[in-house]
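K.L.:
Protein chains in written order, with my numbering: chain A, 1 to 92; chain B, 1001 to 1498.
Any given hint might turn out to be false.
Not everything, but these chain A residues come out facing chain B in the computed CB check (under 7 Å) [what the hints assert, rightly or not]:
#1 P55
#2 N58
#3 Q90
Covered stretches of chain A (chain B as the covering partner; in silico rule of three or more C-beta atoms under 8 Å from a C-beta of chain B) [claimed, not checked]:
#4 4-13
#5 24-38
#6 42-54
#7 71-78
No lab work stands behind these hints, which were simulated from the structure alone.
Built from N, CA and C at the ideal position, the CB exists for glycine as well.
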Amino acid sequence: MAVEIVDLCVSCWACVDVCPSEAIAKGGKHMQVNAKKCTECEGDFADPQCASICPIENCIVDAGGLAFNPPGSLTGIPPELLAEAMNEIQAR
Amino acid sequence: MELEVIGQESEGGCSSSGCGSTDDQLSHLPQDIVDKVQNHPCYSEEAHHYFARMHVAVAPACNIQCHYCNRKYDCSNESRPGVVSELLTPEQAVMKVRAVAANIPQMTVLGIAGPGDPLANPERTFSTFRMLSEQTPDIKLCVSTNGLALPESVEELSKHNIDHVTITINTVDPEIGAQIYPWIYWNNRRIRGVKGAKILIEQQQRGLEMLTERGILVKVNSVMIPGVNDDHLKEVSRIVKQKGAFLHNVMPLIAEAEHGTFYGVMGQRSPEPEELQNLQDACSGDMNMMRHCRQCRADAVGLLGEDRGEEFTMDKIEEMEIDYEAAMQKRAVIHQGIIEELNEKHQKRTQIAGMSVPSNEPIIPADTRPVLMAVATAGGGIVNQHFGHATEFLVYEASPNGVRFISHRKVDQYCIGNDTCGEKESALDGSIRALKGCEAVLCSKIGFEPWGMLEDAGIVPNGEHAMEPIEEAVMAVYEEMITTGKIDEHPVAMKAQA
């Protein structure tokens, strides 16, 4: 059981600092998870720490390929409300 | 080391370039603070023409998200917070500071300002400071933070003898905060919305109080976001002043769509220069306002507005041979010379301000309306730049009370406009738009085409005061506007109608 960091990663290093298992390191162009070390933080924290601090939607996925932070979850605006929110913000 | 020199220089009265009647920027500060900041380019409009600073990008991680930030973006033509070309390890950062300080003798200040939050990267930030306090003892150290991890960092900050901290405080209201900060990372959880903003605000306010209790200077940065926190920033200004912040820097939101920030993508507008100025004026009632901030990159190097980062990439630094001791001695001499020059200029200004108005010149009626003028200058407080060469204009206000610096306005805004940055309007159109609200522009020379376009836009070009001190030139143009009747005789009535 391990998370995966995909190539949307912007290499901000935030996940490296908060990983309790020291399972994340810079590999190639972006951060990568050592699947042997990663525990998805089970036993340490309620949520995987990398996914809890990552600023990029869809960047960190679970063993089943599901994003911990799906579109809209980090901006606070659900995709179906995006057009409405844009209109409101542009009217300021 | 350098502070002692400044202390000696400042004996016998005001030594600040900013405490004259023509500059309200530092004029309300106690003398001990003026002494501390007079060679800090970020704190004094005048000092930034003489002293240089640098930022080292050792802190990439962040513990909050701001809607005006995009940590991915990196463009060498960009000049705004959060943008860097090269991340450094603490060891590389120290090597870079030594190289820059040896090659740019005007350097006085080293700051860590991201590209993430320096205090969310405590090991990298503090290890850099620790090495610098040993190896570059004459360089002042500063740090900028969003404040979330500030209370737990205050003790460590005071150990490293860091006497300037900047906290970005955009609001004291969690409801407004939720519109600026979608989430924070706190106690190993991502916390969203009002709840997250409330924690951030509490941490910022506690951190501010703890720093000022320890005598550490605190500047507060606020980003003005129209329709979100613009009105509210007056309250923020009042509160942070009450809690001991010595300077408030209200900056305009930067939100171009091509920057990829949330606000940029969503079409949130930036404030117009007049809106920013009005807010800065409204905040300045009992507060020292900072007006010359350039919103620098997190890896900026050199004088404000003249980035020399390209000269100091790691591959170039590794080839440099540095005699730091010799460079430090050279710096001390140069810094002392600059301080003496600034003091001399200040004394001259004080003398001029104290002189009575010659009897043959008209005294400006107290109800004459103020006028904004833009000035093209390459530094030194002189009107000495060709209109077409200016990458920014300094805006001054002339009024019956004298001349005061208001702001700078960039004309090739944040980007020179190449293939990767999208289409840009022509530089001239951009300049004229940036000068909105100004009634004259003073420069050393100006071409035929821009002359006509400026006049069409209601801005009078003026090249008659080339090489004159800015304040005197602005006052001369103001007086000419009065004598030629270009200023309305009943400005109060006009304002009421408007």
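K.L.:
Hint validation: N58 (chain A) versus chain B, beta carbon distance must be below 7 Å. Holds or violated?
P.N.:
violated (14 Å)
K.L.:
Check, residue by residue, whether the segment 42-54 of chain A contains three or more positions whose beta-carbon lies closer than 8 Å to a beta-carbon of chain B, and give the verdict.
P.N.:
With 6 residues in contact (Cβ-Cβ under 8 Å with chain B), the coverage given for the segment 42-54 of chain A holds.
K.L.:
Quick check: do three or more residues in the segment 24-38 of chain A have a beta carbon closer than 8 Å to a beta carbon of chain B?
P.N.:
violated (count 0)
K.L.:
If you count the residues of the segment 4-13 of chain A with a beta-carbon closer than 8 Å to a beta-carbon of chain B, do you get 3 or more?
P.N.:
Coverage by chain B holds for the segment 4-13 of chain A (4 residues, Cβ < 8 Å).
K.L.:
How about the segment 71-78 of chain A: do at least three of its residues have a C-beta closer than 8 Å to a C-beta of chain B?
P.N.:
holds (count 3)
K.L.:
Are P55 (chain A) and chain B close enough, Cβ to Cβ, to be under 7 Å, as the hint says?
P.N.:
Hint holds; P55 (chain A) Cβ to chain B Cβ min 6 Å, cut 7 Å.
K.L.:
Are Q90 (chain A) and chain B close enough, Cβ to Cβ, to be under 7 Å, as the hint says?
P.N.:
Where the cut-off is 7 Å and the nearest Cβ of chain B is about 4 Å from Q90 (chain A), the hint holds.
When held up to the earlier numbered hints, the structure conflicts with 2 and 5 and fits the remainder.
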